[in-house]
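Chains as they are written, first to last, in my numbering: chain A, 28 to 316; chain B, 381 to 759; chain C, 486 to 575.
Among the hints, erroneous ones may be present.
Below, a sample of chain A positions facing chain B; criterion: calculated Cβ distance under 8 angstroms [what the hints assert, rightly or not]:
| # | residue |
| --- | --- |
| 1 | S76 |
| 2 | P81 |
| 3 | T86 |
| 4 | S92 |
| 5 | N108 |
| 6 | I186 |
| 7 | L190 |
No wet-lab data here; the hints were simulated from the structure.
Beta carbons: idealized from backbone N, C-alpha and C, even for Gly.
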Amino acid sequence: MFFGKGHSACYGCPLPIAVRNVLEALDGRCFVVNPTGCLEVTSSQYGRSAWGVPYIHSTFENAPSVASGISYALEVLGRENEGYVVVFAGDGATADIGVGYLSSMLHRNDNVLYICLDNEAYQNTGNQQSSQTFLGASTTTTPAGRVIPGKTLRRKDMIAFALAHGTPYVATSSIAFPRDLRRKAKRAVEFVGSKYIHVHCPCPTGWHFDPSKTVEVARLAYETALFPIVEFEYGRLVRVKKIKRRKPVEEYLKVQGRFRHLFKHPEGGRIISELQRIANENAMRFGLD
Amino acid sequence: MRKVVRGFYAVAYSVKLCKPNVICAYPITPQTEISENLAEMYANGELENCKYITAESEFEAASILVGASATGARTFTATCSQGLILMSEVLINAAGMRLPIVIVNTNRALSAPLSIWNDLQDSMLLRDSGIIQIYVEDNQEVHEMIPQAYKIAESTMFPTMICMDGFKLTHAYEPIDLLDQETVDGFLPPYEPPIKLSIDEPLTFGAYAPPHCYMEFRYKMHKDMLNAKNKIEDVFKEWGEIRRDWGGLIEFKEGKTVLVSLGSLVGTMKEVAKEMGLGYLKVRTYRPFPYDEIREALKDCDNVVVFDRAVSFGYEGVLTIDIRNALYGESPNVYSFIVGLGGRDVPKEVMEDCVSKVLSGRAERYRFEGLKDFEEVTY
Amino acid sequence: MRISLGAVSRPLESLNDKTGTWAVMVPRIDRERCIGCGECYMFCPDCCIEMVQEDRKRYAVVDYDYCKGCGICSEVCPANAIEMVEKVIE
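Pulled out of the complex, with its shape left as it was, chain A reads as follows (with noise of 0.2 angstroms):
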């Protein structure tokens, strides 16, 4: 057993899903980096750890350069072939407190397989909106009020980011497709140097929607084009997961509770048909429909 029973993570919450199935597709062959944020406070409390494979915690911004020491220790003490360098980090430390450090990684293209659960906010600490967060989503930060319609910022795009570093494998996956985040943990791998998966991770408790609901929201998000699931092999884009009949955004957004103000407030509208030109962006620049 790679990750375990007894972790105290939220009902429904989709970040297990995404590290289980990452460690299986590799075998538990991984050193995991893992900063501070929900997987580590409901994985690592001290004598209830929930990994079976070496774990290390360190700070909440420092993931990618921990990750870059292990390797290099992996390295010059002759132990290369011990296992993968597995960074899982939220969308906070990764495009906000550590954007740097991740930065510095690419840049360096360390051996280290960079995954991205990203949740859109500071979910750990109770909704605060990160940079990842979507334009229009009420936070705690960002709340919904009479004038102000939620956050008013759109996302960072942390592909463009990770591309524009010349990283060797760059791609997007969803908890609403195990398969398809298993395939590219075991492709990206095959690749030296550094890999960056960028994984949708709709989060129930922040996002206000029913646990039950986790993969359901995070196909949604697909169908809609607003989380586009992406891959390139050395800055070329090798392949993307097409839709069949691509959804209107408000799909998407009114099954949650952090964008139901959208659909009253005098800007709501607005904002949505933001969202849909984000939406058809996404879909024009990879080709999705």
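Given the structure of chain A, go ahead and fit chains B and C onto it with the hints provided.
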């Protein structure tokens, strides 16, 4: 082999002899040339089984070493000042995780105002971090301290920081008796980590501790840090037998009036003590703090004169606070002179002046010595 | 209480935490309907579904000691073989 070299080289050469596996640093004055020297050795293939990385910040340098050290590598970094405080979050974390990273801090003042020059405010700020701190007097001592620091770090499982004064030591040319590989190999065995990240034994590093056990971990850390005093003394003693005896946790010469300091100021202090017929006390290990040794040494003298190069703003000199505490309930008068901040020169005359103030009963509890006249304005 | 060096923790001690006590609803798998596809296994956030092979039949089994009852398995089951029912506490 005796050679005239600069402080940087005395450090880098000794680090090389200790055969670290991962060296990672970020340039900062006045540390930069330590990492430059190591980079050159690396480029020339002189560092075997070693990876040298220039990080993109000190924070990153320390973080890389956390990963490497936890995997079982022997590690090294050098930094100072803004760099040290930038990496402090990671170093404090490494102390709690008990990773034996060795750090050379080339002491430099903190901003603002920005100053690249020397005082001890940077390392003193990390006094309570769980990092072993050793202060050296000259470049021969730092050269010989590096193998000892590795042995201390790896036998106590605490990060160990050697503090050497920026510019005053780093940039100084001194004739150094360079160590040879055989001596260092005989003294410092390869690092065998008691715990490490491995697939065979998949441990969880960096677990969090709720209130029911956090305090026990911190107590253990404290107890181990106190016990580290014995281990440090053993290492110093062993070094004394194979190479040169530099003394224990403190170096002490008795007198009715005793001067106290640490770092490169000790050289001047010893000179003044000799000329004026006074005692002196050099603090070599600052954390763990040699409380008993200092209390025993100073309890019967009349005056203790501490030369401090770091301030606890709103209180007094940082070292003085500790010295006063060690002498609680004893009779010596303790005087604090805050000198040499931000590279202000501390010539013998300044120290002599301080001593004469003490001896003539004109000294206050603490005082900034060597200040110029100035007028306070808003801008 | 064991206090380790640097708070290093042993693997898989989470198994001592029987998170099944969280559950209000639990899945009931209809073995006849189960096609043994393993979807529920892959999606279970609590890692508490096992695929069991019995003669020529492969089917899913829930470890109720750990199941928190989120209901994801029931949602993803392509054979409609998983029903969420109220947990009975004896």
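Hint check:
1. S76: 4 angstroms, holds
2. P81: At 4 angstroms from the nearest chain B Cβ, P81 (chain A) passes the 8 angstroms test, so the hint holds.
3. T86: 6 angstroms, holds
4. S92: Constraint on S92 (chain A) satisfied, holds at 3 angstroms.
5. N108: 10 angstroms, violated
6. I186: At 22 angstroms from the nearest chain B Cβ, I186 (chain A) fails the 8 angstroms test, so the hint is violated.
7. L190: 19 angstroms, violated
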